[in-house]
Amino acid sequence: MALVGNIQDFGLSDFLYLVDRGYKTGCLHLKRGNDAAVLFFEKGKLVFASQGTGGQKGDLLVQLGKITPQQLEQARQLQSHNGNGMSLSQALVSGNIISQEELQQSLQTHIEEAVVYGLFGWPDGEFRFEHGQKPEADTPVMPVPVPVEHLIMEGVRRIDEWGRIKDRIPSTDMIVRFVDQPGEKAKGVKLAPEEWRVFARINGKDTLAMIAQKTNLSDFDVCRVVYGFATAGLVEVVKKPTAPRGAADVPRVKRSLVSRIISRIEKM
Amino acid sequence: MQTVKMVISGAVNSGKTEFIKTISEIEVVSTERRASDDTKLIKKETTVAMDFGRIAISKDLVLHLFGTPGQKRFDFMWEILSEGMLGLVILVDSTRPETFRETNRIIDFFISYRDTPYVVAANKQDRPNAWSPDELRLALRQPPHVKVIPCVAIDRESVKNTLLELLYVILDRSAEG
Numbered sequence: 001m002a003l004v005g006n007i008q009d010f011g012l013s014d015f016l017y018l019v020d021r022g023y024k025t026g027c028l029h030l031k032r033g034n035d036a037a038v039l040f041f042e043k044g045k046l047v048f049a050s051q052g053t054g055g056q057k058g059d060l061l062v063q064l065g066k067i068t069p070q071q072l073e074q075a076r077q078l079q080s081h082n083g084n085g086m087s088l089s090q091a092l093v094s095g096n097i098i099s100q101e102e103l104q105q106s107l108q109t110h111i112e113e114a115v116v117y118g119l120f121g122w123p124d125g126e127f128r129f130e131h132g133q134k135p136e137a138d139t140p141v142m143p144v145p146v147p148v149e150h151l152i153m154e155g156v157r158r159i160d161e162w163g164r165i166k167d168r169i170p171s172t173d174m175i176v177r178f179v180d181q182p183g184e185k186a187k188g189v190k191l192a193p194e195e196w197r198v199f200a201r202i203n204g205k206d207t208l209a210m211i212a213q214k215t216n217l218s219d220f221d222v223c224r225v226v227y228g229f230a231t232a233g234l235v236e237v238v239k240k241p242t243a244p245r246g247a248a249d250v251p252r253v254k255r256s257l258v259s260r261i262i263s264r265i266e267k268m
Numbered sequence: 001m002q003t004v005k006m007v008i009s010g011a012v013n014s015g016k017t018e019f020i021k022t023i024s025e026i027e028v029v030s031t032e033r034r035a036s037d038d039t040k041l042i043k044k045e046t047t048v049a050m051d052f053g054r055i056a057i058s059k060d061l062v063l064h065l066f067g068t069p070g071q072k073r074f075d076f077m078w079e080i081l082s083e084g085m086l087g088l089v090i091l092v093d094s095t096r097p098e099t100f101r102e103t104n105r106i107i108d109f110f111i112s113y114r115d116t117p118y119v120v121a122a123n124k125q126d127r128p129n130a131w132s133p134d135e136l137r138l139a140l141r142q143p144p145h146v147k148v149i150p151c152v153a154i155d156r157e158s159v160k161n162t163l164l165e166l167l168y169v170i171l172d173r174s175a176e177g
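Just so you know, the sequences run in chain order E and Y. Count the first sequence with our numbering and you get residues 1 to 268, in order. Count the second sequence with our numbering and you get residues 1 to 177, in order.
To be clear, the hints were calculated from the coordinates, so they are not data collected in a lab. Think of the CB as a built atom: it goes at the ideal place given N, C-alpha and C, for glycine as much as any other residue. A hint or two may mislead.
Rough simulated footprint, nothing fancy, chain E against chain Y, three-plus residues with beta-carbon under 8 angstroms [to be verified]:
| hint | segment |
| --- | --- |
| 1 | 10–24 |
| 2 | 133–140 |
| 3 | 157–169 |
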């Protein structure tokens, strides 16, 4: 079943988080007016993206000046000789038409800069995620799939509106703390110096306002950076604990009473 | 006569009234009024005060079910309703991602106020394009220990199952005796 919605309500960064943590394979279709884009994911990582209704395929690399039309044809013939299992990218590399490194670099740069980061600027747009949908054989997928935390961080750097940030960080009086196991996730993220300054101040005790004060950054800058960390799943932003209330305030009900209710509802 | 209380909350049109109607032994006392704000775009009538249902557990014990109003301007009711509650069901319309942020806000309100046992009921799972419970867990950023249960609020067995799952959470936290 497809997941449908609007990125105005469920942002692209939220969706990328879902794809990553859900280890999803499929295609995210985005549509805004006459514009459209597709993003293909394999086990939670981005393998290809294109923008425009036409849909770029193998000729993308020709347009980027990385291969000639003759080389593209040569790769396609190699694909057909090897049956259905070989992707265009595999044919290009195994046919020594382009090195894997160069193919990766040119595709990744194009996909990130010309497609994905621009999509973070869409204020709205319908999305539809088709589970299991894979790129066609003629699609030049990236040889090394790209982790989405990296995309989220970079995309969020381009967000300059309070509105979206406030959805997750309603107040600078909230505390930032690391999630239990950021581990592998943190490795895919490259931080700018300003982000390192904030990152180093996160201790699970200081509020956002305190971090802003200690780093000499504005509240907005700190919130934007932390929003990126939170969206990528590295940290969580929580309310300051209020001393007078808490767990002690919850009445501990008796086990026998709960068991009676369970027994009654089971018989209904 | 001892009474215990469970609260059913969620965004506008998440299915709170239906959930209580489906399981209550009495006709639900519902204070539905014609919607006067944005909610009228979603449904003609919506819960502006609360729903109230009842299940008799035994001669001396009754379970009350309270449904909270969904609109933000009735936030003050949530605090009143949550006083002394046994546990909380958060209903989410699995077909409307535009309500997920509001659902998060509601969860945040209840659990930051008290360490309340709760489950998330992924309602309308019988509809096309319903997000699965696993997808909702990620969309709502709920930790693994929080149960996200598939639910159809108009189906009695499904509502029973949701309440039982919440009761098992409460049981785990209960005191001996």
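- Taking a Cβ-to-Cβ distance below 8 angstroms as contact, does the segment 10–24 of chain Y have at least three residues touching chain E? violated (count 1)
- With a cut-off of 8 angstroms between beta carbons, are at least three residues of the segment 157–169 of chain Y near chain E? Coverage by chain E holds here, the residue count being 5 at a Cβ distance below 8 angstroms.
- Item | Within 8 angstroms of chain E's CB atoms, at least three CB atoms from the segment 133–140 of chain Y: coverage verdict | Result for this restraint: holds, n = 4.
Hint compliance for this structure: hint 1 alone is broken.
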